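J.: In case you want the letters, here they are:
Protein chains: 6
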Amino acid sequence: MIDPLERWRRYGEKPDYAGLLTFGSLPYTQDPAELEGVDVAIVGAPTDDLVSDRPGARFGPRAIRAASCPPGPHLEAKVDAMAELRMVDYGDAPVVPADAARTHEAIERTVGEVVSAGAIPLVLGGDHSIAEPDIRACAARHGPLGLVHFDTHTDTGTEVFGVEVSHGTPMYRLVEQGHIDPKRYVQIGLRGYWPGPKEFAWQEEHGITSFFMHDVREHGIREVIERTLGLVGAGPTYVTVDVDVLDPAFAPGTGTPEPGGMTSGDLLWACRTVAESLELVGAEVVEVIPTAPGSADITALVADRIVRELLTGIALRRTANPVRRA
Amino acid sequence: MIDPLERWRRYGEKPDYAGLLTFGSLPYTQDPAELEGVDVAIVGAPTDDLVSDRPGARFGPRAIRAASCPPGPHLEAKVDAMAELRMVDYGDAPVVPADAARTHEAIERTVGEVVSAGAIPLVLGGDHSIAEPDIRACAARHGPLGLVHFDTHTDTGTEVFGVEVSHGTPMYRLVEQGHIDPKRYVQIGLRGYWPGPKEFAWQEEHGITSFFMHDVREHGIREVIERTLGLVGAGPTYVTVDVDVLDPAFAPGTGTPEPGGMTSGDLLWACRTVAESLELVGAEVVEVIPTAPGSADITALVADRIVRELLTGIALRRTANPVRRA
Amino acid sequence: MIDPLERWRRYGEKPDYAGLLTFGSLPYTQDPAELEGVDVAIVGAPTDDLVSDRPGARFGPRAIRAASCPPGPHLEAKVDAMAELRMVDYGDAPVVPADAARTHEAIERTVGEVVSAGAIPLVLGGDHSIAEPDIRACAARHGPLGLVHFDTHTDTGTEVFGVEVSHGTPMYRLVEQGHIDPKRYVQIGLRGYWPGPKEFAWQEEHGITSFFMHDVREHGIREVIERTLGLVGAGPTYVTVDVDVLDPAFAPGTGTPEPGGMTSGDLLWACRTVAESLELVGAEVVEVIPTAPGSADITALVADRIVRELLTGIALRRTANPVRRA
Amino acid sequence: MIDPLERWRRYGEKPDYAGLLTFGSLPYTQDPAELEGVDVAIVGAPTDDLVSDRPGARFGPRAIRAASCPPGPHLEAKVDAMAELRMVDYGDAPVVPADAARTHEAIERTVGEVVSAGAIPLVLGGDHSIAEPDIRACAARHGPLGLVHFDTHTDTGTEVFGVEVSHGTPMYRLVEQGHIDPKRYVQIGLRGYWPGPKEFAWQEEHGITSFFMHDVREHGIREVIERTLGLVGAGPTYVTVDVDVLDPAFAPGTGTPEPGGMTSGDLLWACRTVAESLELVGAEVVEVIPTAPGSADITALVADRIVRELLTGIALRRTANPVRRA
Amino acid sequence: MIDPLERWRRYGEKPDYAGLLTFGSLPYTQDPAELEGVDVAIVGAPTDDLVSDRPGARFGPRAIRAASCPPGPHLEAKVDAMAELRMVDYGDAPVVPADAARTHEAIERTVGEVVSAGAIPLVLGGDHSIAEPDIRACAARHGPLGLVHFDTHTDTGTEVFGVEVSHGTPMYRLVEQGHIDPKRYVQIGLRGYWPGPKEFAWQEEHGITSFFMHDVREHGIREVIERTLGLVGAGPTYVTVDVDVLDPAFAPGTGTPEPGGMTSGDLLWACRTVAESLELVGAEVVEVIPTAPGSADITALVADRIVRELLTGIALRRTANPVRRA
Amino acid sequence: MIDPLERWRRYGEKPDYAGLLTFGSLPYTQDPAELEGVDVAIVGAPTDDLVSDRPGARFGPRAIRAASCPPGPHLEAKVDAMAELRMVDYGDAPVVPADAARTHEAIERTVGEVVSAGAIPLVLGGDHSIAEPDIRACAARHGPLGLVHFDTHTDTGTEVFGVEVSHGTPMYRLVEQGHIDPKRYVQIGLRGYWPGPKEFAWQEEHGITSFFMHDVREHGIREVIERTLGLVGAGPTYVTVDVDVLDPAFAPGTGTPEPGGMTSGDLLWACRTVAESLELVGAEVVEVIPTAPGSADITALVADRIVRELLTGIALRRTANPVRRA
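Protein chains in written order, with my numbering: chain Z, 1 to 326; chain U, 1001 to 1326; chain P, 2001 to 2326; chain S, 3001 to 3326; chain X, 4001 to 4326; chain V, 5001 to 5326.
If we strip away everything but chain Z, and leave its shape as in the complex, we get (with noise of 0.2 angstroms):
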């Protein structure tokens, strides 16, 4: 394990744009050994071979990493998530350009070290057909998952231009599959134009809950998040983000973007509220396309803060809930 604040130590602290380039300036090892007694590791999927439109969210672990802040106190929750939880940066699946079966494999596989560790895989996208490896890895300990699904769009399309492992699917495969149960799976953010009729009817056959756009800008995201939290309830539970729940202006580098979408603000307040309050055994934020270099790219700066907010929430509930790590 390398820790990329020990050379500063002589000195004081080290700033974001210097040193080892890991998640908060978190310790960095690939040895599956060093994540015995770990809480949450940090793993990156580097890949977006399975897209429909635009390219690019293979950039999005590194972009997140050099966007993400250093270890600090939640200055409106009043905890430092980073100082609570033993944390490491567990780098990046091994992928493989061009080749996305071997890629998901290597995906199921390094988050699955970390499952199998014990710890809780936070995982850096990537397009959001990673999903299905990361999903199978948690559902292989924990069995059926909750699911809480910020997005845009639905993804659980059969296929998508013919094609049936994308990152419009794989919420389908991963219900039909057995990992989810749609009992417990709740979506948030819904608008735009995709998908249609056909995969609504099969989302209501198996008992998921949709909460649109219209259903945040009427009854705020408080009520959505407070009904959300009763439908999913107990039980192991993984919560994905794909950005383009946002509105473009909050999110613009992603790769199908779609305006009237929630504001950050909602977005991170529900992130730890979820995170706080169920019970997490994995996540991801996914579609990330950095646009600007380094730390300037507001959209891999969101997506580190939602990161941020999901490990403040798991913090929040083991500080109220601590017997639990013992």
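You may find that some hints are simply not true.
Claimed, not checked - When the alpha-carbon atoms are kept at most 25 angstroms apart in a straight line, the in silico DSS-like pairs for lysine-lysine are as follows:
#, chain 1, residue 1, chain 2, residue 2
1, Z, K183, U, K1078
2, X, K4183, X, K4198
3, S, K3198, V, K5183
4, S, K3078, X, K4078
5, V, K5078, S, K3183
6, S, K3183, X, K4078
7, U, K1183, P, K2078
8, Z, K198, Z, K183
9, P, K2198, U, K1198
10, P, K2183, P, K2198
11, V, K5198, V, K5183
12, S, K3183, S, K3198
13, Z, K78, P, K2078
14, V, K5078, X, K4078
15, P, K2078, Z, K198
16, U, K1198, Z, K198
17, U, K1198, U, K1183
18, V, K5078, X, K4198
Derived from the structure by calculation, the hints contain no laboratory data.
Predicted, not measured: the structure shown is a model, and the values here were computed from it.
Since the structure of chain Z is provided, determine the placement of chains U, P, S, X and V on it from the hints.
T.: Here is chains U, P, S, X and V on its own, set in the frame of chain Z:
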């Protein structure tokens, strides 16, 4: 007529970045004879010779088409406007660079061909000076029009920098020419520092109604639109949307951006509602200056979605009043 | 004094992109003698030597001037501040690159010249470290000041990376130096991950009031400002606006952006109201890093409008209290 | 067939930014029957699923068309190729995102339609993997082809990251499949750090000729092209241009740029000369990743001019050998 | 007159990004009386109303000033032109947006004031249509001028898109008006696809000389310039530089870029040599469209250096012919 | 030590955009003990506190690493330097923002650790002020060094804006401190407008040799380098490359770009030749300011290739002199 989807029929769907560039992958024609039976035709007006600040709206129509998404059901309104309506992309008016007079004549003629065929023109600008030929072509058939005008500025100057035909004067000229009924003319989203008392006095004199951004912030978009619908009432109506009505966060690519503007959530809902509630005979979206390549431009993207919401509103109205088509 | 509008008088108005670059096309002077009788003077402080993350605020003043709009009536407040107030652009302080001490001395001297002439300085930053010379120059004449501070961060560190004069420490230093009255010091918009308990303990000890972003989201900007006005009360007051108080969607060009921030609609209203309601003796807008050319930069644009709202508030107050000027 | 110039005939010329987007404002058809009598047809191949580094070449064909200039005389060669040759824009092959196999089949079929009609296909990429279907379609009619290959890389890997059909392997595969005659295959512009000894041993074994960038710098482009013409000699010949053969200064928008490359002056001259001197049966320009909006993209622009120089060479050859056409 | 360096005198040098924005930190005046005794005056002509493709050159003058460097010795020519010559920045001509006629009148008047004072005007464009008022103002005093014209295009159209006063017609008009002596008119750098035989026939008829890019590549810039000097010979001479004469690699920010152009090394040397060797009475640099913020724009930068080389040439000539000034 | 390639071993090669970010995918260590037996170590120096114009070079090291390519044979030199040499990425020196003194101390210490271990440091800047600690650390072991200095500017000022330790003064200081032997000090690529006669007089006095850009253009890079090798001769030598020696076309992302510079072809060849021919004890590449995200930045890319050519030269020299290693 050429159908961009044709070649893909044997393979599946067409990705947005491939094939002939038309709005929403619509069939393309530039032949007036093929407008027969068409409900709505898209027309581009790529010109910006009459702006007083940043040029570049001449690139708007192509960028909006590049950002446009294929036909599909509006997830929240539950209707696929492009399936309900018979539509074509009627191409661009034959503009002439550095010759605003001939450009306006060409726009008026091209929009007029659509109107003559009994179809609704949806015009992609271009700077806001195109409102003059656009609305004149519609009023020539339908008589003085009601006008719903989303904008930061009133565009009711008598001149801008001493120039009478300008992107700051069309509404003054159209009212004076009798093509707009000032009693049925409502402005929404005003703010900033132009125009001055003289223009507002003229507006008041003619009975034009203005909703400022503080009206939207304080009373909410729903109340503002409700009052707008009441003011405009029955009769042929035109909708003009200057994308600078949006806050620059939502539409950075425009010629005279003004902070403190509308959110895209509010504007999209408002456009759909207006189109559903009033008797639309034409509409335009103007002042898009693309700043990012292809489909990555968020201003062109929101402009596309404004058009899509207008179409959705038209389709909802037709579905509710099926007799109208016969 | 040179008037950028002069040459245009025989032709009409001056477009923003032409002529001498001054704030709002104001007359330019760098001669203290010409400050006589001036109400408000714009001063640039183009420096960023003391930042801890992204530099570039040295380009802020020029970009804000390029984004600035000409005098004109505030459409919503119904006053043309730049016509009401006698104003000049007093140019930039003679900063010295890579020599923060001499730069601060130059800023303090230049702002001091404005203050000595009885005018209100409106300073365009520059990084937030300029608050120290800016406020010191104002307090030298007016005594300890009330402070309304819009920001993501408190900037009350004792040091940042071991550096005592930094963009993260001015408020600590100014309170300790006696130039800010902590009882009349209100922070608005706090969020993110810095600073920590030590700094907040110091703040509490001195009676500084903090409104976090959740306060703004939950209670609304109106209530937050109302409480602020009550806390600051009568007496000479300074306003400092770090543009990172805005969400990165509204102000992407800044050094330490933090998602979940204010909207420009809220901030602009708040600035005008504060300036109208309190006894302003100086103000500054800081941390603008332009990322787009000229007037296309939306962060510089909103910074310009922040200044314009402050001016509008000052003008409204003077109009309401005409005796003050005599 | 639709002629983008038609609507402008009554007004004058058509500006590049207006009207139907086709290459050089050429008539558009997607009907094989209309290829009858055509000399050259433009085909787009918007795909990048097989890249190993930066994606985005799927946006290449549209960007090249947007950057393309209208017909006109080549000022230096004194011929207007687009007037001399009967040409159409045959649109894009019906690519399928995330399905490289079906995409290649679609490209081969579409290019094959052009070849079958007796026309020369000029293909706009897309990543360099399209060379495989492109050249296969040409060789199907003309037998094994000579190849002039401008590139940084040899693209003769047996696999890239374990993937056999890749943008790094087409030339290996085409030689092995018998579609390229290795004795008539010349590479120009090689440099950088890929491939290795194994690939070069294979090349030598088959008699492929390589000119490195030091050959171009030391002997000049004229001598290199003269030797190329001698090596390729008579017989059907294909030209493939990977824009990364240019120095990144001249073509920054590409997937694997390599400093130390050719100037556009040299490359444009070379393309024209090769096309004039050899018996061209097809050509392609690949690996364009647009990074600036519309016609402002300099990489798409130089790609357009590469095509134009090839066309100019073809026209010069036909003019000099008029019998050939009969 | 205002000296941007004044305030810095007590602190040291002035950094380029601070202080009043003038060309090379020159003193600023807009008073004709202060032109007395001035050798060279900078004039901005921020207009682009007459372009046929990309607009944006209205932002050129300000961007060139922002990119300009302070006075200093030319390292290779060993002279500090700005110390040798008495110079001012005379500001921008009072252009009027969307009114090309009044804009040209304003430019001709402003440049005329410089000429009348006996100074050499160096005009910063603006699109190339400004050559007409610029040269007319110079010829009004000096009689028909020799012309050295660096450009991709001849700009000798009789009309462009039917428009007679255009950025593609000034040289035709000026020759026809008798302000340019066609025998002393040399074009350098021609290439691309415009204009056609008609224009070249007219040129030949009038004895205009054209050097194409192949002349520069084959014979070298030194021989081309030597022949140019011989052709232009003695007598008052004007130099016009359209930055699109450079390859887009060196000047991407221009309206009609054309690959295969000059290097900045060649152009800079050529400009200095021409200015040193001929009797310059005026010059202009046109068609700069800034695409990057402030001093980061490489096209504005090279435009600044073109002006600096012209100044250096003028200074070298004056130093060598000191009597001339008396 | 951590090997970024490790996890990919079971899958194949590692794509550049994935995995731990190190230079050329080298193993990473920050432990001096692991430098044992290393030939060359990469060190980052992410600082720009001492610049006089555009900042941003603090982002250089990370951008160069992101642009770096994996080990592989130099196609033209026929050697794989990174296979021949034992190398590590030694990480960044622990810089302190806004504290240049501690930053320089940290750089000198970190580079010193490499030198002490007997390895050659290759330093990635950072602004050019880092030459002072870099060279001091090398000279501490090897005595006064010969210096090959590629740059637009001499960087031999006694002060810049009154600041003595600056990016414009390191060479003056190092000569005066005795760490550079001025007789063995050669500058290549000078041009532009700084410094002046005083600095050149000092240079002449000390026997420093300057090659200007006109020397490169007139005599060719080969002759200039041949003469350089003769002047520097035997003995320990350092190479410093300021990327602004390149024309802005080739390296737009730098702080003080100057048109008329070197091509990347010339510079890359020169770096390799110098490293092969002289006794290199250290080198640095400075003043890279990334302006495009990740691997799309062409300035960081050419900086990476400069390092690679230096490594290739070192490897060629070692291969030719195998005894040297023993």
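J.: Now, for every hint given, state plainly whether the structure supports it.
T.: Going through the hints against the structure:
no.	hint	result
1	Z:K183 <-> U:K1078	23 angstroms, holds
2	X:K4183 <-> X:K4198	19 angstroms, holds
3	S:K3198 <-> V:K5183	46 angstroms, violated
4	S:K3078 <-> X:K4078	43 angstroms, violated
5	V:K5078 <-> S:K3183	24 angstroms, holds
6	S:K3183 <-> X:K4078	56 angstroms, violated
7	U:K1183 <-> P:K2078	23 angstroms, holds
8	Z:K198 <-> Z:K183	19 angstroms, holds
9	P:K2198 <-> U:K1198	57 angstroms, violated
10	P:K2183 <-> P:K2198	19 angstroms, holds
11	V:K5198 <-> V:K5183	19 angstroms, holds
12	S:K3183 <-> S:K3198	19 angstroms, holds
13	Z:K78 <-> P:K2078	43 angstroms, violated
14	V:K5078 <-> X:K4078	43 angstroms, violated
15	P:K2078 <-> Z:K198	54 angstroms, violated
16	U:K1198 <-> Z:K198	57 angstroms, violated
17	U:K1198 <-> U:K1183	19 angstroms, holds
18	V:K5078 <-> X:K4198	54 angstroms, violated
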